[in-house]
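Student: Line by line, the protein sequences give chains P and F.
For reference, each letter of the first sequence is one residue, going 1 to 327 in the numbering used here.
For reference, each letter of the second sequence is one residue, going 1 to 327 in the numbering used here.
Honestly, I wouldn't trust all of these hints.
[What the hints assert, rightly or not] Facing chain F, from chain P, some residues (calculated, C-beta under 10 Å):
#1 Met1
#2 Pro2
#3 Thr4
#4 Ile5
#5 Arg89
#6 Gly90
#7 Leu91
#8 Asn108
#9 Val222
#10 Asn224
#11 Glu278
#12 Thr312
Because the hints were derived from the structure by calculation, they are not lab data.
Remember, it's a predicted structure, so these values are computed and weren't measured experimentally.
Backbone N, C-alpha and C fix where the C-beta goes; we use that ideal spot for every residue, glycine too.
Okay, here's what each chain looks like letter by letter:
Protein chains: 2
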Amino acid sequence: MPVTIDDIRAARTRLAGHARRTPLLSSCFLDEIAGRRVWVKSECLQHTGSFKFRGAWSALTALPEGVRGVIACSSGNHAQGVALAARMRGLEAVIVMPRDAPAIKIANTRTLGADVVLYDRVCEDRDAIAARLAVERGLMLIPPFDHPQVIAGQGTTGLEIAEDARALGLGPAQVLVCCGGGGLSAGIALALEAEAPKMQVRTVEPEGFDDVAQSLREGAVVTNPARAGLCDAIVTPAPGQLTWPILKRLCGPGLVVSDTDTLRAMAQAFARLKLVLEPGGAVALAAALFQPDQIAGDDVIVIASGGNVDSTVFQRALQTGDRDATG
Amino acid sequence: MPVTIDDIRAARTRLAGHARRTPLLSSCFLDEIAGRRVWVKSECLQHTGSFKFRGAWSALTALPEGVRGVIACSSGNHAQGVALAARMRGLEAVIVMPRDAPAIKIANTRTLGADVVLYDRVCEDRDAIAARLAVERGLMLIPPFDHPQVIAGQGTTGLEIAEDARALGLGPAQVLVCCGGGGLSAGIALALEAEAPKMQVRTVEPEGFDDVAQSLREGAVVTNPARAGLCDAIVTPAPGQLTWPILKRLCGPGLVVSDTDTLRAMAQAFARLKLVLEPGGAVALAAALFQPDQIAGDDVIVIASGGNVDSTVFQRALQTGDRDATG
C-alpha cells in the first residue's frame, strides 16, 4: 500500500512531544558562497543526532499489539533511532550493524540499550542475518527506509519545512536532501507535494554512490556495488521498492558531490552554523554551496540530516576547511 | 537607572522576528555524566554564533534619533553582534578588538561590514581608544555588558528559558551561565526573578578569571588582572557597575572550572548535542557535567553561550575528549 500524506500527518501527531521540531538555520556567510539564500533544516539536532529517530518513532508507535521487540539493520543512524525509540517504548531492540561503522555509532547504539550484532558489509547479507534473528527471537523487522511508517515519519520533516517556509514567506524553492535508500527524500517529497507544491526535492549523493541520480536519469533502478565510503550513512546500493516510485514521480535530477566538497561543507557548517555534521549529513549543503549552477531559484533549502561523526573524520573536515581559507 | 523586567519584556518585543528563539537541547548521555537532567540553551545557534546579538539588537533599536553609527569594544562576540545589528539597521559600526582575539572573530567582524581597530590587551586601554574614536567620529558607544539595553537584550534568554521550563514541567532548577562582565547572567537573573522565581542563576568562570565568584564570596567587587586565556570571550577583569548589584542580589555562589574540563565539555557538546561551542561558551556545561556536587536539584539548565572558535582550538578539545574516551 503506497504511503500517503495522511500517513505523514498521522505520524506527525504520534511524534508530537517526542521528536524535536528542529530549527531552520541560516547565515549570511553561506548565502554569499551559494549566491542565494540557504536555509538549513538542522536534523543533526534531532534525538540521537539524525532524522532517523522520526521514522523509528513513527514505526514503533504503529506496531501491532503484542510485539515485544524490534530488529533493524543499519550503519548507525537508523540503529540509534530504533534503539532510543525502543527504549522509550519499553521494547527489546536488536541492531545488525556493519563491522566498519563508525565506532561512536556502535558504542552509542549499545549504550542506548540495544543488542548489537556485527556483520561484514562485503561478504555477509545483513538482510538474511536480520530475517533469521527476527524469526529466532520473535522480533519485528524495522527496515531503514523501505517501510510505510518509516517513510511517513521522515516525511514529518517536510511538513515542518513547508510550515517554516510559509512563515518566512519563501517562494518556490528546491529542497536538497541527503539520499541513501530514499526514505527521507520520499517522505519529504510527499509532504511537500501536499503542503508546498511549488517546492521540488532534489536528492544529493556522494560520488560513486549515485544510484538514485542514475536511476532518475535512466527512469529505472540502477544499483551501486555495496562498499564502504566517507559518507557511511548513505552508501546504500539502490533506492527501495517503496521509495523509488515516489522519487521517480516527484524529484528533480539527482545531484552528486565529491568527498572533498562534503568535507568543505562540514567545515562551513562548523564555522557558520555551529553545527556538527557527519559526511552523509553534509552532502546536501555541499551541493548548495559548491554547485550553485545546478540549482534554481533565490532560495534553497538543505537538509542537514545527521551529525554522528568520529572526531578524526571531523578534524579532517576542519583541516580541509582551513586549507580553503588560507588558499 | 536600574534595569527592570519591563526593559527585558520590551527588548523581547523588539527582538521578535530578528533574533532566533534558540532550542533547549538535551541528551541522555549528558544526563548520565551529570547525574541529573541537563538542559542546554543553545545560544551558539543565535545569529553571529553567540547570545551577544540579543544585547546588540536591543541597544541598537533603542538608540536616540539621529545617531548615524556605533562603536564597541570586544574580544569578538559582542563585536560580531554589534556589526550585524548595525548592518541590519543601516548604521556605521567601528569595533575595537584585542590583537590576540581569534582570527575567525576578527575576520567575521570585518566581513559583517564593521571597521575593525586593533589594540594591545596588556598595554593599551580599549575604553580610552573607543571614547576618543566615539568623539572624533560622532559614534554612540555600545558597551559589551554595562548598559541597560544590552542587559535587557541578554535577559530575553531568561524569558525563553522560563517559558520552555514551564512547558517541560521543570521544577526549581539552577541555571548555569557563562560569565564575563555579567551582562548575560544579570539579564537572565532578572528575567527569572519575575518569571521563574524558584530558579537560581549560578555564574560560571574559568580558573584564574573568577572575579565574579570571588566578588560574590567577598560581597564586594574583586578584580582579576587583564590577560588572555583559553576562554577569550569571558576573561573580563571585573563585573560591571550595573551588573554587579544584580548579580550580588540574585545569584548563588559562583562556579569555577578548569580549562581541561572546558575542553572536555566542548567534546561532549560535539558528540552528544552536535553543537560547536567555544571555550567561553562551554564553561557552564563543564560545571554541570564535571562538578555535579556543586549543584542542587534534579534538573540543571546550562547556557551554551557561543560557538565562535578557531578550528585548532576545537581540534584540541576533540583530542582531549578522545583521551577521555580511551581512558
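Student: Would you mind marking each hint as holding or not holding in the structure?
Tutor: Structure-based check of all given hints:
no.	hint	result
1	Met1	violated, 35 Å
2	Pro2	violated, 33 Å
3	Thr4	violated, 30 Å
4	Ile5	violated, 27 Å
5	Arg89	violated, 15 Å
6	Gly90	violated, 15 Å
7	Leu91	violated, 16 Å
8	Asn108	holds, 8 Å
9	Val222	violated, 33 Å
10	Asn224	violated, 28 Å
11	Glu278	holds, 9 Å
12	Thr312	holds, 8 Å
Of the hints listed earlier, those the structure fails to meet are numbers 1, 2, 3, 4, 5, 6, 7, 9 and 10, in rising order.
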